[in-house]
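Asker: Below are the chains, spelled out letter by letter.
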Amino acid sequence: MRSYLRAVGAVIWKDFRAEWRNRENLSAMLVFALLVILIFNFALELDLQARASLSAGVLWTTFIFAGTIGLNRSLAVEKDRGCLDGLLLAPVDRSVIFFGKAIGNLAFMLLVEAIVLPVFNFLYGLNVFQPGFLGVVVLGSIGYAAVGTLLSTMVVQARTRDILLPILLFPLTLPVVIAAVKASQGFFQNLPLGEFSVWINLLVAYDLIFIAVAFMVFDYVLED
Amino acid sequence: MKAKPKVLTGLDFLSAVMVLIAAGLVFFYAPVEVQMGAVQKVFYFHVATAWVGMLGFLVAAVAGVFYLRRNEVRWDIIGVSAVEISLVFFLIAIIMGSIWARPIWNTWWTWDPRLTTAAIVELIYAAYMLLRSGVDDPERRARFSAIYAIFGFISVPLTFISIRLLRTIHPVVIGGAEAASQGGFNMGPSMQWVFFFSLVAFSVFFADLLWHRIRLGELKSAVESLRVKAFQEGM
Numbered sequence: 000m001r002s003y004l005r006a007v008g009a010v011i012w013k014d015f016r017a018e019w020r021n022r023e024n025l026s027a028m029l030v031f032a033l034l035v036i037l038i039f040n041f042a043l044e045l046d047l048q049a050r051a052s053l054s055a056g057v058l059w060t061t062f063i064f065a066g067t068i069g070l071n072r073s074l075a076v077e078k079d080r081g082c083l084d085g086l087l088l089a090p091v092d093r094s095v096i097f098f099g100k101a102i103g104n105l106a107f108m109l110l111v112e113a114i115v116l117p118v119f120n121f122l123y124g125l126n127v128f129q130p131g132f133l134g135v136v137v138l139g140s141i142g143y144a145a146v147g148t149l150l151s152t153m154v155v156q157a158r159t160r161d162i163l164l165p166i167l168l169f170p171l172t173l174p175v176v177i178a179a180v181k182a183s184q185g186f187f188q189n190l191p192l193g194e195f196s197v198w199i200n201l202l203v204a205y206d207l208i209f210i211a212v213a214f215m216v217f218d219y220v221l222e223d
Numbered sequence: 000m001k002a003k004p005k006v007l008t009g010l011d012f013l014s015a016v017m018v019l020i021a022a023g024l025v026f027f028y029a030p031v032e033v034q035m036g037a038v039q040k041v042f043y044f045h046v047a048t049a050w051v052g053m054l055g056f057l058v059a060a061v062a063g064v065f066y067l068r069r070n071e072v073r074w075d076i077i078g079v080s081a082v083e084i085s086l087v088f089f090l091i092a093i094i095m096g097s098i099w100a101r102p103i104w105n106t107w108w109t110w111d112p113r114l115t116t117a118a119i120v121e122l123i124y125a126a127y128m129l130l131r132s133g134v135d136d137p138e139r140r141a142r143f144s145a146i147y148a149i150f151g152f153i154s155v156p157l158t159f160i161s162i163r164l165l166r167t168i169h170p171v172v173i174g175g176a177e178a179a180s181q182g183g184f185n186m187g188p189s190m191q192w193v194f195f196f197s198l199v200a201f202s203v204f205f206a207d208l209l210w211h212r213i214r215l216g217e218l219k220s221a222v223e224s225l226r227v228k229a230f231q232e233g234m
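Going down the list, the protein sequences come from chains A and B. Residue numbering for the first sequence follows numbering that gives the first Met the number 0, starting at 0 and increasing by one per position. Residue numbering for the second sequence follows numbering that gives the first Met the number 0, starting at 0 and increasing by one per position.
Worth flagging that the hints you see were computed from the coordinates, not collected in a lab. Check the hints yourself; a few may be wrong.
Chain B side only, calculated, beta carbon under 10 Å to chain A, not exhaustive [to be verified]:
1. ILE149
2. SER154
3. GLY216
Don't be surprised by glycine CBs; every beta carbon is placed ideally from N, CA and C.
Extracted from the complex, chain B is given alone in its bound form (with noise of 0.2 Å):
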């Protein structure tokens, strides 16, 4: 097995200095929303871990593509990585989402079309998980959570075009005016400043991690192999 890589331990660094920096922009730099509070600073980590999440599932749904057609091993352990790591990141965008709703639309969950959509998401994959722990065969798991994978992601616009269909009252912060009403605001260049660099900083750690875990699942099969050569050496 490769010794851990030197960019590997570079990114490591790279994340955890943009993430701390990341935090400290937004309790000390970016401004108090006026009519919200210092509860909006939420606002900043839940949108990037969001994004992550979704960027986790997008990249499992384009391995389990790449694992169907090339039948290579590694497509799959990239595949369960991303799912694996965006769904804490996409749990940890939820429960961010409610700390916020709670003081702003005076509860913790509304079933609001687009907290139901994220719901629906974390579900669709904690299936995926369900359906991997089920199939005992590796190579048959490879595949049914390849095609599931492509599934759940073709499916998530859709239930998410119900939110355009069925009235939200979730703010559309980007590209939204009409949203004031409902907890929406207007960035300041320096809010905007922060929401970006906190996007950036998690997809870096988000990088970071799906390359950590993607290691420990070829570390895993290459000592599934080792066991099983050793198995068959003791026959």
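In isolation and in its complexed conformation, chain A is listed as follows (with noise of 0.2 Å):
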């Protein structure tokens, strides 16, 4: 168990010396959530009214997108460079990579909502800081995440890997952003927990399930 846990580290640690490197996908992911706050705040006309009912669902677009930036160049990078098959030679278990490389995802799409979320405090006085708000914004990354990649690591293998990532992703994952916009919703508008927890229940449930199925059939991503 621990040295698998040292594998699963290795994998990280990995993919955060090369990013911190060259910073390529992060400020990737950064500057294209700030463009989509700014298209929506255009396009919708965010006003005060607006803001309170529809922030939840601009700040989950934005993530989103932004991760799926990420999610497509994290892997992509692996394989463009023969990192993939190095990874696949190491004597450790498959779902080492996968999970080595979906918490390093998970990671650098925190790491973006982190920076994006007080630029939404300071553009629209929305508090985001609340703790159930962060726990909600966890729990949804994750699963978008984890979901993510798997479909990513087929998806770089596919002929048409640039268009095919998020036609693959976004009808999964609606689930997590049904259930995460809701409960934000219900964080940004001060309702009683009672009234929306069965979002948060529903987004560790799809956690839970997409987490075990993805671990069960990784194996079969990566067989040659």
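Need the complex rebuilt from these two chains, each delivered in its own frame; the hints are there to steer you.
Answerer: Right under this line is the structure:
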């Protein structure tokens, strides 16, 4: 078990080091996320009234779009530079690669979110610093990163890989988006927790189910 | 290649007759619903096609599991055959629902959770077809689409749960009593009879189409291997 965790840690550490050297992925995700927020601001004319009801949706759309960019990039780099073969040659279980990449992708998503949220707070005066809401952000990102990592590992091996990931990923992660938006709305509008806790339960259930299934099938994604 | 099995010819005939009878029953036997009128009759085929659609997606997920475990080409053929057929049936179900909704809800489409779920399901399996066309290596294509079929099918109930959580105006005809104001209704015995007959008829029709499509897939892979063989001999 300890050597398993060490191997997972090594994969994550490798991603962090590579990212630290060029910061390509994070900066792309971040700039993209800020652009999406800007576009929404003009497209939806987010005045004071619209903000209360729409900001949860705007936030999650931003996270998801930025997340897709990160996911695509994270695995494409492995494939193009032959790192994937190197990872496959390592004498570790395949699921190590899955958890390592998924946790790395999750960390990048959370980092981008950690920068976007204060900006959102600054621009729209929305109180995002509530522990409950931050928990929802983490839960939603976990589900998204888990399914996204599995799918993007498949997608980078496809001919049409530049367009395929969002097409495969968005319909599958819709429950995450719905539940995360609803739960976030609950926190933004200061509703009693009992009224929307069901959405948080749904998020937890989604995360558990899909992590388990991804763990079971990941071997088949990297068979050759 | 084996000749077309006699049983399959029989099934062709049976499904044609059953679907025709079902249509006849819907038009001439089933009573006209008191409040909604003739448009309610869409319901029989709407539910039957939706059921066949979901059945096919289930078949594809099960075939996906078997493919991953056994690594046999025929499970891949079964999976893609089921999805192709079900995509069409599910689309028909959505269109029929729209036809019913226009006079009853006064709109072709609402963002009711159940309708939204149906649209998402259709999109998941459209994505499945896109995934297949994007992967060239047949063995890899089979593995990836098996995984996606499993994932897709697992996500459907989760998307569906949102129906129970968000308010819905879609009538719950079977086992729901409170829905009368939303276009729900109680089925009389003759309605039930036609309803279940349509379900069976479309299930038989589905089995028939699936069998044909699987045969087509097998023929296709046989032709493919012949072509490879001819190419190698020509070298």
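Asker: Indicate, hint by hint, whether the structure satisfies it.
Answerer: Outcome of the hint check:
1. The restraint placing ILE149 (chain B) at the interface with chain A holds, with a minimum CB-CB distance near 7 Å, inside the 10 Å limit.
2. Because the closest C-beta pair between SER154 (chain B) and chain A is about 5 Å apart, less than 10 Å, the hint holds.
3. Taken as an interface hint, GLY216 (chain B) does not check out: its beta carbon lies about 21 Å from the nearest beta carbon of chain A, beyond 10 Å.
In the structure shown, a violation is registered for the earlier hint numbered 3 alone.
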